[in-house]
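Asker: What follows is each chain in one-letter form.
There are 2 protein chains.
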Amino acid sequence: MKQFLAEIDVMPHDALLDPQGKAVLTGLARLDLSDVVDVRVGKHIRMQLKAANATDAESMARKACQELLANPVMESFSLEVRELP
Amino acid sequence: MKQFLAEIDVMPHDALLDPQGKAVLTGLARLDLSDVVDVRVGKHIRMQLKAANATDAESMARKACQELLANPVMESFSLEVRELP
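Residue numbers (our numbering), protein chains in the order written: chain C, -16 to 68; chain B, -16 to 68.
These are computed hints drawn from the structure, not numbers from a lab. Glycine residues also receive a C-beta, built at the ideal position from the N, C-alpha and C atoms. All the given hints hold, so there is nothing to weed out.
Facing chain C, from chain B, some residues (calculated, C-beta under 10 Å):
| id | residue |
| --- | --- |
| 1 | G4 |
| 2 | L16 |
| 3 | D18 |
| 4 | A34 |
| 5 | A44 |
Generate coordinates for the entire structure from the input sequences, incorporating the hints supplied.
Answerer: Below, the structure written as structure tokens:
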């Protein structure tokens, strides 16, 4: 079994309002960062896992996203898997 | 002014406990994903901004992280900036 690291982003769908992102945008305008046009806030998950190969590792990470980490009604996810030395 | 997209990860320091990550790990074990060894949960922020060049865009995103998005006592951040077409 090899060790892999999955880097997962779970973001609110583009079509949905993101109140947390809007709050950050307001906060940034107060910091003289009014050139920031849009902010969306989601989750980043760093997952370390054991698997026989990269394909297995990716399908485990995908299953974790689909069944636990992302709510498909409101969120979409993307993931990247790399082998650890 | 060009448009840039900053992809920012804000993660709890490695030395700190991450109760949310531990909760995910427990949940994954119940989904027959017990080969997941460790999980850390942080924030992912996608920020669209206007700037004259990539260096300015990166320093704006860095300022946003340092002054608003990340709490340096508990979190570290990493960021990547790319130009939008």
